[in-house]
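> Read top to bottom, the protein sequences are chains A, B and C. By the working numbering, the letter at position 131 of the first sequence is numbered 131, and the numbering carries on one by one without gaps. By the working numbering, the letter at position 103 of the second sequence is numbered 250, and the numbering carries on one by one without gaps. By the working numbering, the letter at position 3 of the third sequence is numbered 297, and the numbering carries on one by one without gaps.
These are computed hints drawn from the structure, not numbers from a lab. No residue lacks a Cβ here, since even glycine has one placed at the ideal position from N, Cα and C. Where hints are given, some of them may not hold.
Chain C stretches covered by chain A per the calculated footprint, using a threshold of three residues with CB under 8 Å from any CB of chain A [to be verified]:
| no. | stretch |
| --- | --- |
| 1 | 315-326 |
| 2 | 419-432 |
What follows is a list of derived Cβ distance ranges for each label pair [stated by the list, open to error]:
| no. | chain 1 | residue 1 | chain 2 | residue 2 | range |
| --- | --- | --- | --- | --- | --- |
| 3 | B | LEU175 | C | ASP333 | 45 to 53 Å |
| 4 | B | LEU175 | C | ALA357 | 40 to 48 Å |
| 5 | C | ARG399 | A | HIS30 | 45 to 53 Å |
| 6 | C | TYR345 | A | ARG102 | 37 to 45 Å |
| 7 | C | GLY383 | B | SER201 | 45 to 53 Å |
| 8 | C | GLU296 | A | GLU17 | 30 to 38 Å |
| 9 | A | GLY104 | B | ARG190 | 18 to 26 Å |
| 10 | A | GLY104 | C | TYR345 | 17 to 25 Å |
This is what each chain is made of:
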Amino acid sequence: MERLAALNAAYARCIDEDRLEEWPGFFLEHCLYKITTADNLSRGYEAGLIYADSRAMLKDRVAALREANVYERQRYRHIVGLPALLEGGAVETPFLVVRIMRDGRMDLFATGRYLDRVVEENDILKFSERIVVCDSARFDTLVAIPL
Amino acid sequence: MERLAALNAAYARCIDEDRLEEWPGFFLEHCLYKITTADNLSRGYEAGLIYADSRAMLKDRVAALREANVYERQRYRHIVGLPALLEGGAVETPFLVVRIMRDGRMDLFATGRYLDRVVEENDILKFSERIVVCDSARFDTLVAIPL
Amino acid sequence: MERLAALNAAYARCIDEDRLEEWPGFFLEHCLYKITTADNLSRGYEAGLIYADSRAMLKDRVAALREANVYERQRYRHIVGLPALLEGGAVETPFLVVRIMRDGRMDLFATGRYLDRVVEENDILKFSERIVVCDSARFDTLVAIPL
Chain A
1 MERLAALNAA YARCIDEDRL EEWPGFFLEH CLYKITTADN LSRGYEAGLI YADSRAMLKD
61 RVAALREANV YERQRYRHIV GLPALLEGGA VETPFLVVRI MRDGRMDLFA TGRYLDRVVE
121 ENDILKFSER IVVCDSARFD TLVAIPL
Chain B
148 MERLAALNAA YARCIDEDRL EEWPGFFLEH CLYKITTADN LSRGYEAGLI YADSRAMLKD
208 RVAALREANV YERQRYRHIV GLPALLEGGA VETPFLVVRI MRDGRMDLFA TGRYLDRVVE
268 ENDILKFSER IVVCDSARFD TLVAIPL
Chain C
295 MERLAALNAA YARCIDEDRL EEWPGFFLEH CLYKITTADN LSRGYEAGLI YADSRAMLKD
355 RVAALREANV YERQRYRHIV GLPALLEGGA VETPFLVVRI MRDGRMDLFA TGRYLDRVVE
415 ENDILKFSER IVVCDSARFD TLVAIPL
């Protein structure tokens with residue numbers, strides 16, 4: 001449990017400190033990363049707003065973000081709750097993300113839960129699967145950054 | 148400590164996933180559940196905005212909520228901090244609840260702290276007492292849902 | 295890790311319950327307490343918006359706050375994430391603070407991270423250093439209260 005909490009803390013710091021190039025390193029080479037909404041999930045829609053099934057796709061995504069350069073104008077702060085072990089081996093962790101604009105304004109950017117499959121690779125915990133289930137279906141710039 | 152954190156995580160998930168029928172199961176048959184405000188508490192007011200002293204009353208409350216059907220229109224997300232053991236055996240845990248409206252808007256719904264008495268029943272931790280102390284005295288629809 | 299989490303929980307409760315006179319007790323006699331911003335930190339600016347290098351200075355600060363009496367009109371709620379151990383022995387912990395006005399309005403007051411050096415003094419963990427790095431550079435009344 002403590003290792004899962006530490007994994008989540010490291011993941012959040014990586015994004016909040018804008019070290020996006022390190023972000024794909026939290027996943028296995030063959031993985032599933034998806035951002036979806038609670039509504040879509042409950043309707044059984046498989047497609048995500050963002051979808052990647054390899055570390056290479058995650059790297060491409062970061063490269064695209066760096067090129068678009070939109071990410072720099074704001075800051076994010078993840079507050080992550082405690083992981084809960086579900087039956088069947090998945091892990092669920094609630095999160096809240098605050099966005100801080102360049103002029104100092106803050107707003108609630110996203111809330112939701114991570115649905116994860118975690119495995120050990122060379123003694124390090126990695127995500128074989130991370131499905132980000134957002135509570136809200138309102139996504140303006142949300143699609144731009146990793147959650 | 149880890150068991151208390153897990154109890155809080157399970158409690159929050161139960162509400163956030165709208166599994167309200169399971170919510171009374173977190174309490175002993177004879178219990179105290181109360182929602183009050185920090186102001187009322189410091190003035191020594193005993194009455195709560197919501198008050199129940201048995202699991203049956205909690206079940207009634209859920210039934211009433213389902214009938215009123217108001218709960219469905221929004222979603223909630225609890226972010227719960229770490230439990231602190233107080234002198235005398237009570238447990239205090241800070242919380243924050245975000246409300247997500249159907250149209251996607253999010254707002255800070257409530258903050259405060261849980262003041263709990265926890266006991267073990269058949270190897271499972273349950274609340275003999277949970278007093279929800281809200282920081283704000285502003286309660287519009289707040290009285291509708293469990294916190 | 296558990297002791298660090300407990301230290302953070304106790305620190306947050308002290309402020310949120312307005313027991314400010316106890317706040318300097320979380321620090322060593324000779325310490326560093328600083329509030330700064332992420333922008334200032336990344337530019338290498340040493341000066342903080344608030345700076346104290348002894349417990350006596352922290353006590354002075356509390357006395358000034360009590361005299362100014364501005365603090366009483368609102369309440370604060372800290373939600374503190376899990377501490378991460380950094381290389382070199384520092385500890386980093388994310389935080390979010392909600393402000394609750396007397397009339398019940400709530401807003402996001404501050405987000406950021408604590409950069410700490412923690413030592414043991416008579417079996418009790420204390421801060422030899424706590425640098426509060428706020429994500430936002432917007433500080434209106436922020437400078438008034440301890441974070």
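> What are the numbers of the hints the structure violates, in ascending order?
1, 6, 8, 9
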